[in-house]
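Q: Okay, here's what each chain looks like letter by letter:
Number of protein chains: 2
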Amino acid sequence: MKLSKLVGERLKDAPAGASSKSHSYLIRAGYIKQVSNGIYTLLPPAQRINNKLQQIIREEMDTLDGQECLFPVVMPRELWELSGRYSSIAEELLRFKDRTGHDMVLGMTHEEAAVHACLGSLKSYEQLPFMIYQIQTKYRDEARPRAGLIRVKEFTMKDAYSFHSSQADLEAYYKKVYDAYFRIYHRMGMKKVIAVHSDTGMMGGKVADEFQLLTDIGEDTIIVCPHCDTASNVDVATSIPEENEHIFGVKTEVFTGEAKTIEEVCSNLNKTPSQVAKAVCYAVVGDSSRIIIAFLRGDKEVNESKLKLLVGSDIAIKDLSETGLVKGNIGCVNLNIEGAEIFYDKSLEGLESFVTGANKEGYHFIGVSMTRDVKPSKYVDISKVKEGEACPVCGQKLLVKRGIEVGNIFQLGTRYTSTMGLTVTMPDGTTINPIMGCYGIGVGRCLASIAEENSDEKGLCWPMGIAPWHIYLCPLRLDNEEVKEQAERLYNRLIAENFEVLYDDRNTSAGIKLTDSELMGIPVRIVISPKTIENNNIEITIRSTGEKIFATEDNLSKKLDEIIIY
Amino acid sequence: MKLSKLVGERLKDAPAGASSKSHSYLIRAGYIKQVSNGIYTLLPPAQRINNKLQQIIREEMDTLDGQECLFPVVMPRELWELSGRYSSIAEELLRFKDRTGHDMVLGMTHEEAAVHACLGSLKSYEQLPFMIYQIQTKYRDEARPRAGLIRVKEFTMKDAYSFHSSQADLEAYYKKVYDAYFRIYHRMGMKKVIAVHSDTGMMGGKVADEFQLLTDIGEDTIIVCPHCDTASNVDVATSIPEENEHIFGVKTEVFTGEAKTIEEVCSNLNKTPSQVAKAVCYAVVGDSSRIIIAFLRGDKEVNESKLKLLVGSDIAIKDLSETGLVKGNIGCVNLNIEGAEIFYDKSLEGLESFVTGANKEGYHFIGVSMTRDVKPSKYVDISKVKEGEACPVCGQKLLVKRGIEVGNIFQLGTRYTSTMGLTVTMPDGTTINPIMGCYGIGVGRCLASIAEENSDEKGLCWPMGIAPWHIYLCPLRLDNEEVKEQAERLYNRLIAENFEVLYDDRNTSAGIKLTDSELMGIPVRIVISPKTIENNNIEITIRSTGEKIFATEDNLSKKLDEIIIY
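First to last, the sequence lines map onto chains A and B.
Numbering-wise (the working numbering), the first sequence opens with residue 1 and increments by one.
Numbering-wise (the working numbering), the second sequence opens with residue 1001 and increments by one.
Below are the DSS-like pairs computed for lysine-lysine, each with C-alpha atoms no more than 25 Å apart in a straight line: (1) A:Lys175 / B:Lys1002; (2) B:Lys1005 / A:Lys175; (3) A:Lys123 / B:Lys1005; (4) B:Lys1458 / B:Lys1012; (5) B:Lys1559 / B:Lys1052; (6) A:Lys558 / A:Lys531; (7) A:Lys2 / B:Lys1176; (8) B:Lys1378 / B:Lys1318; (9) A:Lys12 / B:Lys1123; (10) A:Lys123 / B:Lys1012; (11) B:Lys1002 / B:Lys1548; (12) B:Lys1052 / B:Lys1458; (13) B:Lys1052 / A:Lys52; (14) A:Lys484 / A:Lys5; (15) B:Lys1123 / A:Lys484; (16) A:Lys5 / B:Lys1123; (17) B:Lys1097 / A:Lys97; (18) A:Lys2 / B:Lys1123; (19) A:Lys271 / A:Lys386; (20) B:Lys1175 / A:Lys2; (21) A:Lys123 / B:Lys1002; (22) B:Lys1531 / B:Lys1559; (23) B:Lys1005 / A:Lys176; (24) A:Lys5 / B:Lys1175; (25) B:Lys1002 / A:Lys176.
If you are wondering where the hints come from, they were derived from the structure by calculation, not from laboratory data.
All chains should be modelled from the sequences, with the hints used to inform the complete structure.
A: Right under this line is the structure:
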């Protein structure tokens, strides 16, 4: 490819609002161009990477006996009603009417389509297990696109669906995909990917893992144990509760006046947040008569993902003044709100002599005892794990990290096969709903994540296995006849030898050429100039290390073969 | 691939409403599954073909120095307003609002996106020419999907866009793409593809060619000259007008009563349709005050595509009774409708002594003369060419054929670059809008067209170059240990030797296996059975010819290498 003809431009400055290296460099180096908020065109260099990433994924899926399909982007409402997701997913699912007035959706995931593909033809357990997958455009009506290709509305995704006759078979296959995902990231050149336990979210099912690339610009919070390598998304992370001190007290109502927040109450009563039981109030989304009150220790935060799972519905913070509750004075003693569902976090277990609201304006109780004064029927885990808490597996101190989710896998169970009526006959003549797994990778997000991990202050630095081109052929002083002649000769020869070459054939300054080669991140740069011709050599520079290697025209291909390995 | 695990089923009967062989067989053989009207899932065998077709297209585009991109499926209204197409395309362009209320469209073509990709970075004529392309899902809100994958709403398409500094350069490149398209169809195994001149439609521009696979089930009408090979879509086809006889007559008003249609008037007056000038009335879509009246010889039909081009807008048949015109008695003498735009077809040129309406209830004129009584300022070509008319190039008789459009290419001119403000600086310092070409191929429609052309009464019959698998390994009597052992051995060996094998590992009857192998259309079938084992041979059958070849285990791979050539 000749750079003079390559569509896209190299820019000096980062685009306004660029919030990550990958966002900035992918735009500055001419890889992507924004069309609309969260919607991008992949320019030729990015599409070359995209094709290579897809090929890696395809090969690994085929190794798992995956069968590639192509499901539709646009699907009818009826298909999504079968699973119940037409109504259960909020605005992220884009709905529209076609010209006949028929309700349609834009696919953001394809469980329904995958089950539909099997309806009719899947009949016997003997056909199981199998896995079908696709690599297809998806659209998610994302509220807050950000960071270039990291969080977008439209993206290319590989989504795979496996079908099994037993949970044990699913688990064995799930483990194979889990391992294949690490091979995929390894081949893509991502080094810091870890698997973390995760929420099953809109997919349903019980077990799910995410693959997270650890990076400070990641938008996900991950709780990791450096000791035993347990790792979870904060949404589902747990820790061993600290033991509360057993200092018995006398329950006494005290006037606290305007003190409402944890800080104000603690300051007023000379207590620490861990000596307070605070309340956080919610209502169920779509059914505001369902009131949820969560109590937890004052130094903890509610983990809404966990609470949602317990409630079984989406929830939102709600001011409950209308019910007679006094904000800032809500407490777990003598609380009487008809129909309210009350949850006590495990951080409260065994807490004695603590402070809580007196459920009347300007007053709190002190000296409260959980076992004597509250006696909840059970404690549940609804708090967010914080750095330094104890690992639930080994008890060592947990760390908080940031990550980009570059893949996720789910044990779905029979949610889709049962609602959509997919059955197989078992050896004993009974019928069952096959048990499903599903496995996703966002290709564009992988591209951005690789860029994020493989870049420096000069620009991108693509791993060899997925680089758009391997070689940046960079003749300096193309106005020099000898340079030009050698450049053209080498370009034609390297192309003929099946090297992937980007040829900087522009009549521009050495500074611009060298800067662009680094910004674009092509792994190997070949410089030829009047000086190299005089010295009868060719200068090879490795982008990632800066190492320089000298070759002659005769041994150039051999040297390149030694360098371009993946 | 083991057939027992392959997703999809083989059906005995054609689906209800199947209107073509490809539609019927692709469903019956488990290649596609309908999700909604005009929306299909490609099951694994079809997706294997899809990938091979895409690879052929990609290679041919890259040979033309094409740069692969990926444009968005979902685009903002603003982009389509720049070109004027947000309003000029009717309901086929699917419009919707996203969650923020922003107007968006689903891409049915990507001229706007292609120009957008170049804005900013394209500056100098030195960067020209170049071509960018993508292979991407498209959605067209098709009013009448039909014939399986032949006419659908959602499809995979390769669309390419070239940019040039002169019309001559565009024409030279256009010719290269034209030739590449024939290579593509050849490699795909389509034999009866011809290029025909076509309408530029919603794309604009002046020159366009379609590639048509000639087949009786095609929905396009093509006018071809078997003598000189001129071929055109009927929308734009022309012919040499027949000379009208110069029999002078006396213009006389006659009572024709209830005779309104051409047949009735001819019968009433004892004339032939070629002795009548008929009127067809239209209004402009979106501006019903613009009235269009087309006059043409009674034996001709209006070619609305040609008329639209002359009018410059979309038109629809309209009853003009309100204006005082009498349906069935409209004529070209003394016609006085204020503001009406009147067109005279070239078939009327030199017509004498003909019949036309008298513009009053129950009367016609006879003996009318175009030169004496009507004197139009010009004649235009607004009639549809019919079989037997004279070729405009060589004068021989034209034939009418049916075809499936499997690709189209356009010389777009500067319509998009000028409206979207894309310019380049020329050597003399002036700026111009680059001249564009665009080049489309529907991948799914190619798949269906190949199926249409390559099938017989037993089923599909894929060309070797794009077959989903090359070999159908078909052991009969898998309950026989020796057969089973040899089948497994051969399957593993052929896979290891990189043959593409579909292994019919089902414990089912020989009849079902042989029938399925023919229905699915895999080019080479290998049968092993107790009999072949006894005879110490292996039976190879060529699907397209029925030819049988016998091999041994030793020379099997060599024989297969000789057969599997493309």
